[in-house]
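Asks: These protein sequence lines are chains A and B, in that order. Anchor point for the first sequence: position 168 equals 168 in our numbering, and the numbering is continuous, going up by one each time. Anchor point for the second sequence: position 259 equals 259 in our numbering, and the numbering is continuous, going up by one each time.
As the list makes no split between identical chains, a pair holds if one copy fits it or if it spans any two.
No farther apart than 25 Å at their CA atoms in a straight line, the calculated lysine to any residue pairs in the SDA-like style are these:
id : residue 1 : residue 2
1  : K362      : G100
2  : K362      : A111
3  : K362      : E76
4  : K271      : R347
5  : K149      : T196
6  : K381      : N270
7  : K362      : D95
8  : K279      : R86
9  : K279      : T102
Hints were generated in silico from the structure; no laboratory data involved. What you are looking at is a predicted structure, and each value in this text was computed from that prediction instead of being measured.
2 protein chains.
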Amino acid sequence: MSSEPPPSASAPAAAAAAVDDMSTDLSAATLSKKQAKKDARKAEKAEKAAQRQQQQQQAVDAEDPFASHYGDVPVEEIQSKAVSDRVWSQVGDLDAAAAGRTVLIRGFAQAIRPVSKKMAFVVLRQSMSTVQCVLVASVDAGVSTQMVKFATALSKESIVDVEGVVSLPKEPLKSTTQQVEIQVRKIYCINRAVPTLPINLEDAARSEAEFEKAEQVSHIQVACSVCILFSRSWREAVRVGQDTRLNYRSIDLRTPANQAIFRIQCQVENKFREYLLSKDFVGIHSPKLIGGSSEGGAAVFKLMYNGQPACLAQSPQLYKQMAICGGYERVFEVGPVFRAENSNTHRHLCEFVGLDAEMEIKEHYFEVCDIIDGLFVSIFKHLTENCTKELETINRQYPFEPLKYLDKTLKLTYEEGIQMLKEAGTEIEPMGDLNTEAEKKLGRLVREKYGTDFFILYRYPLAVRPFYTMPCYDNTAYSNSFDVFIRGEEIISGAQRVHTPELLTKRATECGIDVNTISSYIESFSYGAPPHGGFGVGLERVVMLFCALNNIRKTSLFPRDPQRLTP
Amino acid sequence: MSSEPPPSASAPAAAAAAVDDMSTDLSAATLSKKQAKKDARKAEKAEKAAQRQQQQQQAVDAEDPFASHYGDVPVEEIQSKAVSDRVWSQVGDLDAAAAGRTVLIRGFAQAIRPVSKKMAFVVLRQSMSTVQCVLVASVDAGVSTQMVKFATALSKESIVDVEGVVSLPKEPLKSTTQQVEIQVRKIYCINRAVPTLPINLEDAARSEAEFEKAEQVSHIQVACSVCILFSRSWREAVRVGQDTRLNYRSIDLRTPANQAIFRIQCQVENKFREYLLSKDFVGIHSPKLIGGSSEGGAAVFKLMYNGQPACLAQSPQLYKQMAICGGYERVFEVGPVFRAENSNTHRHLCEFVGLDAEMEIKEHYFEVCDIIDGLFVSIFKHLTENCTKELETINRQYPFEPLKYLDKTLKLTYEEGIQMLKEAGTEIEPMGDLNTEAEKKLGRLVREKYGTDFFILYRYPLAVRPFYTMPCYDNTAYSNSFDVFIRGEEIISGAQRVHTPELLTKRATECGIDVNTISSYIESFSYGAPPHGGFGVGLERVVMLFCALNNIRKTSLFPRDPQRLTP
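Chain A on its own, in the form it takes in the complex (with noise of 0.2 Å):
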């Protein structure tokens, strides 16, 4: 099988990338002797080739002096033919220091600008960066009319490799994330993007507040013919829907803000790992295929496994504290997590990603309160100190008022909070849950009187936590457990655990559950069983919650809800 021919190849170029790749550091250690003889004999073969395809087409393009300095490279350059020492420079590191170098970059071709037959400019991007790189037509740079035509006639997001000299420009650039030029002196196409894209992502970028001004603009052009030139990239603003964008997720996640939401989301995890493990847990894995019906019964997926049902785990609730009885002290897991549930809300999501803890206590929960407090607290301080880049990225699309928290988090007793809640006028049921509205209320009255968005609600009532949960000593009408939110929305729920056989048969017995369904996880507690509380937290929520976005698909990478499965 040969490889494929490009869709428009510039033999020359290609050829000339050939040669220069040919330069191949054949003395790597790493090269067998036999290979590196081998890729000698071959990369002379080739090296002779693409010197006869070189001159065939000089001939043709004699008009054109410098047509090895463009061109699409064909697939083939691309399949791994040598190992250069080529040096590739990153685009967030450009920078005026870097003014005079020559650099080789590869990126994203984000914004296609001609200026006339003589000058182009390429913004080409990487990952949050972005810089220009502009095309003069000139025999000093060694740049051809036909390769400022070539570089217009690139279609958008295509994959661009350019070699050129760092420049610092006469104003400051607005449309890029660098501050310096790259003034072009060759450039090749790797992998053509097609001419329309499914959605556009200047589009896929623009905040509300452009769009509001992009429709004024609008609206006064209908009485300003004047104002055309100027209105023209704002004319075609289209507003890009979520499922458009979810249905083209791998281009809708090239936007600034997608690229910050989902470093944020690794920054969160990582830390998440990084303080527990300070704190000597260790890191776990549980099985997500479980069988039988799973403890919850209801909004559980289904299936079946070598003949015996199955279904998939809604937590990690029994093995992590089948780690605990395990001896491992203090345990972690992130992982994920299933609920068939039909919530087709802006919180839910079919499947997410759960960090949970779990630990042994000596006399209180409030143990395990106090690693939250911690947790988070340096959770929330890491992200305003070491990701001010990405935080105002995501601010500038999707703008928010920074998180309030106290070095110390607000712990109030669910009496507290529904006492406050009364008084500010609500009807609330002291002995039921808390519903989203009340929950949303209680936020609010929370920043008002302690100046934070992040509190624990704690000694909730017994009836609407879930069997395994500790009973309050004092009133069993309460449990030894809490809720943790963030601006309003619950994002962890914890308890103590009953760590007793008799109490959790008492428990469920009262829960209306029949214990010969869980008679194994009962008895697993009668081998031995430390006291023990934990959490679980939805990665999702925390970061759509930090940065009050309105929706937790935006900060799942490809979310499934009741109605996604693609892609």
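With the hints as your guide, set chain B onto chain A.
Replies: Relative to the frame of chain A, chain B by itself:
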């Protein structure tokens, strides 16, 4: 609902503990004032009640003035009654420097050894550490013969609190990790284990060599009745089978080797993340619920998702690639991977933890190999240098030779591997895949010739790799792919991927895949797709092979194989 009575409560001890516990740190800023007042009133009441109880009990127990120094603590005392300022010590921290100090510890009662009516030993365990606690009846120490009796009547693996003074033993201690003893002053049982556990932890922790020794002793004993005392502890040694261990995993996990194995596993994952993060990779989470019936077709778990056919992801392959097309440049994922294969081998699981990475490559997939080289060498070094305690612990039960690896990982071509096998007399199909036997043999040959258990075999025949693998530029019978081996077993598969829709269509067709079924996958490479490659590793396999364990079920916390779906 009132709290459960303890199984066999010793009231005075419990009451005393209650009084101790009541020295609550009510001034803690985290407790609201109201709650503090309530708690104070309750504490007062409880204290009075406890005093009354204590007085009554003292009359009954007139013969034991130290009755409050021991007993079963009722569950209500462990229901987060109050936050005291008691300081708890970790068993692992107890060393000669602590001699003379009074410490408080909680642990599993691993062994209980009565010596006489006046003396007993209790070995307490916390994860991988054990300490010997000594009870000697004496008025000065506040220890009665009844207290010694209480301790000797404890069931193994019960959760026990001990308060006592650290002392230095006269002779080195063989049966505990800590070289100090605790002279017990108080001992309370927090949660009793049943008297006979389904598996004996001593048996579960024995090495093969110890079993053989035990059998020899048992054999000698037939002829020598003098040995009877010495051999008693060995006579009953029972091999605990793998299935029995897994049936009672929460007990089995307490063996020193298992404590060490899953700490090693956690470290492998940490180092994997840490290294890749330092190389600008971003951690992602891709969905495990996939529409349709997955790319692979066979060996897939199927389920219904809100009325649509769905399946569990067999790998994050397509999503990693979409993330690269989404502009993240370098990504990794740690998450479950599901394989519905009926493979009953020592190295296959139906659910395992995948460590996956994908990255843009500039010119050669050796860039991926270089990451693997640096990554795994850093993991191996980290384990060797920083996990000596864990590795020694595993070694005691499952002796193994340390892994041999080179600072710069050896790379051999597949052809070279075939040649080595041929020269060693192994019949092998040069363009077929290596079977397990051949892989094992190649591992031995490479070890002999190059002195390493860890190497990369690259340039596999194209026919044995998935359709999205990039063919070699010079010979399309081969591919830009590789496998990585530890001790002659494959742990990593990786490759450069096809990044153009044209070549992808061609390759799919050649592989007999209906391109209509993967059209959205193919299309996604027409929206701008950089050249890229990546790899996938099984976490359990890395740990199994690094420690030369004989079964992957030993390195999965709760393994899933075709026969096992519980616990």
